[in-house]
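Place chain P on chain B using the hints.
Protein chains: 2
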Amino acid sequence: MKIILDCFGGDNAPEEIVKGALLALKADEKLTLVLSGDEGKLLPLLNGAEAFLPRIEIMNAPEIISNEEIPTAAVRNKRESSLVKGLQRLSDDAETDGFVSAGSTGAVLAGAFMFVGRIKNVSRPALAPVLPTVNGGNVVLVDCGANVDCRPVQLGQFAMMGAAYAEAAGIKNPAVGLLNNGAEAGKGNELTKEAYEVLAGLNINFAGNIEGRDLISGAVQVVVSDGFAGNIALKTAEGIANSIFALIKQGVSAGGLRAKIGAALLLPTLKGLKKKLDYNENGGACLLGLKKVVIKSHGASKASSICASILQARDIAAGGLIKKIEQGLSQF
Amino acid sequence: MKIILDCFGGDNAPEEIVKGALLALKADEKLTLVLSGDEGKLLPLLNGAEAFLPRIEIMNAPEIISNEEIPTAAVRNKRESSLVKGLQRLSDDAETDGFVSAGSTGAVLAGAFMFVGRIKNVSRPALAPVLPTVNGGNVVLVDCGANVDCRPVQLGQFAMMGAAYAEAAGIKNPAVGLLNNGAEAGKGNELTKEAYEVLAGLNINFAGNIEGRDLISGAVQVVVSDGFAGNIALKTAEGIANSIFALIKQGVSAGGLRAKIGAALLLPTLKGLKKKLDYNENGGACLLGLKKVVIKSHGASKASSICASILQARDIAAGGLIKKIEQGLSQF
Numbered sequence: 001m002k003i004i005l006d007c008f009g010g011d012n013a014p015e016e017i018v019k020g021a022l023l024a025l026k027a028d029e030k031l032t033l034v035l036s037g038d039e040g041k042l043l044p045l046l047n048g049a050e051a052f053l054p055r056i057e058i059m060n061a062p063e064i065i066s067n068e069e070i071p072t073a074a075v076r077n078k079r080e081s082s083l084v085k086g087l088q089r090l091s092d093d094a095e096t097d098g099f100v101s102a103g104s105t106g107a108v109l110a111g112a113f114m115f116v117g118r119i120k121n122v123s124r125p126a127l128a129p130v131l132p133t134v135n136g137g138n139v140v141l142v143d144c145g146a147n148v149d150c151r152p153v154q155l156g157q158f159a160m161m162g163a164a165y166a167e168a169a170g171i172k173n174p175a176v177g178l179l180n181n182g183a184e185a186g187k188g189n190e191l192t193k194e195a196y197e198v199l200a201g202l203n204i205n206f207a208g209n210i211e212g213r214d215l216i217s218g219a220v221q222v223v224v225s226d227g228f229a230g231n232i233a234l235k236t237a238e239g240i241a242n243s244i245f246a247l248i249k250q251g252v253s254a255g256g257l258r259a260k261i262g263a264a265l266l267l268p269t270l271k272g273l274k275k276k277l278d279y280n281e282n283g284g285a286c287l288l289g290l291k292k293v294v295i296k297s298h299g300a301s302k303a304s305s306i307c308a309s310i311l312q313a314r315d316i317a318a319g320g321l322i323k324k325i326e327q328g329l330s331q332f
Numbered sequence: 001m002k003i004i005l006d007c008f009g010g011d012n013a014p015e016e017i018v019k020g021a022l023l024a025l026k027a028d029e030k031l032t033l034v035l036s037g038d039e040g041k042l043l044p045l046l047n048g049a050e051a052f053l054p055r056i057e058i059m060n061a062p063e064i065i066s067n068e069e070i071p072t073a074a075v076r077n078k079r080e081s082s083l084v085k086g087l088q089r090l091s092d093d094a095e096t097d098g099f100v101s102a103g104s105t106g107a108v109l110a111g112a113f114m115f116v117g118r119i120k121n122v123s124r125p126a127l128a129p130v131l132p133t134v135n136g137g138n139v140v141l142v143d144c145g146a147n148v149d150c151r152p153v154q155l156g157q158f159a160m161m162g163a164a165y166a167e168a169a170g171i172k173n174p175a176v177g178l179l180n181n182g183a184e185a186g187k188g189n190e191l192t193k194e195a196y197e198v199l200a201g202l203n204i205n206f207a208g209n210i211e212g213r214d215l216i217s218g219a220v221q222v223v224v225s226d227g228f229a230g231n232i233a234l235k236t237a238e239g240i241a242n243s244i245f246a247l248i249k250q251g252v253s254a255g256g257l258r259a260k261i262g263a264a265l266l267l268p269t270l271k272g273l274k275k276k277l278d279y280n281e282n283g284g285a286c287l288l289g290l291k292k293v294v295i296k297s298h299g300a301s302k303a304s305s306i307c308a309s310i311l312q313a314r315d316i317a318a319g320g321l322i323k324k325i326e327q328g329l330s331q332f
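As you go down the protein sequences, you meet chains B and P in turn.
Residue 332 is where the first sequence ends in my numbering, and the numbering goes up by one at each step.
Residue 332 is where the second sequence ends in my numbering, and the numbering goes up by one at each step.
These are calculated hints, taken from the structure and not from any lab test.
Certain hints may be false.
Pairs count within a copy or across copies, as identical chains cannot be separated in the list.
Stated by the list, open to error - Pairs of lysine to aspartate or glutamate, EDC-like flavour, derived with a Cα cap of 16 Å:
| # | residue 1 | residue 2 |
| --- | --- | --- |
| 1 | Lys-2 | Asp-92 |
| 2 | Lys-275 | Glu-15 |
| 3 | Lys-187 | Glu-68 |
| 4 | Lys-2 | Glu-95 |
Quick caveat: nothing in here was measured; it's all calculated off a predicted structure.
One chain only, chain B, in its complex shape:
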């Protein structure tokens, strides 16, 4: 298995990215990595990692695409960037299985569309993060922002691709829910009412509508949404979780000695909880509908998230994601 890593994307590039690469190589001794980025800067970071060098290829790519650049212009103009060279290599080299970047979401999307390309008959690729659920499982959210205006049939494709993704990740017969403003059939806006009928006609385990409050309850393994509502749900979830931890901290500082001792004793529980809710720990968001596996890791990714994203790319490539999506498309 050979994964390409964009070493100059994200807030903590290149140090944490390279550290993440080494963690992944340590975790899987059959893994090979292509590190895309400025060779002169990458080589010193590999000091002391000589044991892994036989499984590392450095692909020199001296340019960097920043978060501030206009995505389409950046990927068009910076052909020597770590992002573009990595995606180009993914497209050209049949031996490579996936690509991971913590760079600008817009640039990863634009670059992936341009250089990797859609699977034939996929209407719109979708961005699908994996969220942890309360019962210790995971849920895939499709789409979380790549497509803000959708037609019902596109939500049907998101559902099929989300189910294929969950299956490629080892979940048998994943339950698929349609994000809606009520659980009963017949609820919804124009889009979700029509999408309900489309999803009900697909060869997936369709569990009907689910409300925002069931997003991470574990009721379903795949949640389907247009990218606008999906983005609102994802960011609201993130915002509320962060707010609650901030409020606990505030309450502890205001609560005097008693609260401080309590918090200290409860610390392992709270830390475990925070880790559980941190979707970075679960790897990145997969871009579904492309000819190859592309993972967008969080911009703030540290080594552990990068490692998780690499192993995630490996797993879903090995799980046959692309083939499963190609097969599912016969329904459309």
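Positioned in the frame of chain B, the structure of chain P alone reads:
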């Protein structure tokens, strides 16, 4: 000030509703209440509350509308229900200032449209809950589900009505944000891109786009959304908050003695936090755009929530909500 209370709506009717009424009468000695419901069942609940009787009028309404009924049919057919008689009275009696119900949302909406009616030139009334913010303030969300398909101009009216509501509740020059999938101007789906231009042209304190993660950060006092995305945001927020508290409990039981002592010491902090995040404590959702003040209290409301909703109806009626909305409509 005279408020009408539907005593047979909600999970805890009529006992908690009547208890809430008495709490409100105790809190405000100038308040008068009309209790709508089955007289034979209400009278025994007033035993021991003789001191308040001069400020209580019981309006006999023997029928009950349940959550299971089809809203429009129920309000049309059950003219003797506590809900319909209450709304009818609100419409007919110029001495009444507001109406509160914890009954079925659909029935309250349908009944209010039918018997109270829209303010002239209001395109669509909207349901606006008040959420607590991390910095100790509040934020009004308009709309949270009354209108799942909207046009840009309707979002403009929601913005104006939300600002009027916040002002009637005592917030000067409230900042209004448009719920969107990115903070930068130019972001959004077809609806929010156009709505942005509408909101920018209004005589309100428009703060631009806000993302889901800023819903309860306190960045703005009014968040505008179509009812679909607003519902997703509201229920996701509720679900995540509940999930985190469930996980803390779980972590505490699994964490052994150390975690249990920690939790016990931290209990006042956690309880205060839960209360802070419980939007029931902030009163109910206001139905904006009607000729009079109508508050939908949460179905699970207990006495304290009912009391909060009654005082909320009093405050925004006294704050001139209806007049402010009528004035704001001249912009459309």
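Okay, the hints, checked on the actual structure:
no.	hint	result
1	Lys-2 with Asp-92	within (13 Å within a copy, 75 Å between copies)
2	Lys-275 with Glu-15	neither (22 Å within a copy, 43 Å between copies)
3	Lys-187 with Glu-68	between (40 Å within a copy, 15 Å between copies)
4	Lys-2 with Glu-95	within (7 Å within a copy, 77 Å between copies)
The structure does not agree with numbered hint 2 stated previously, though it agrees with all others.
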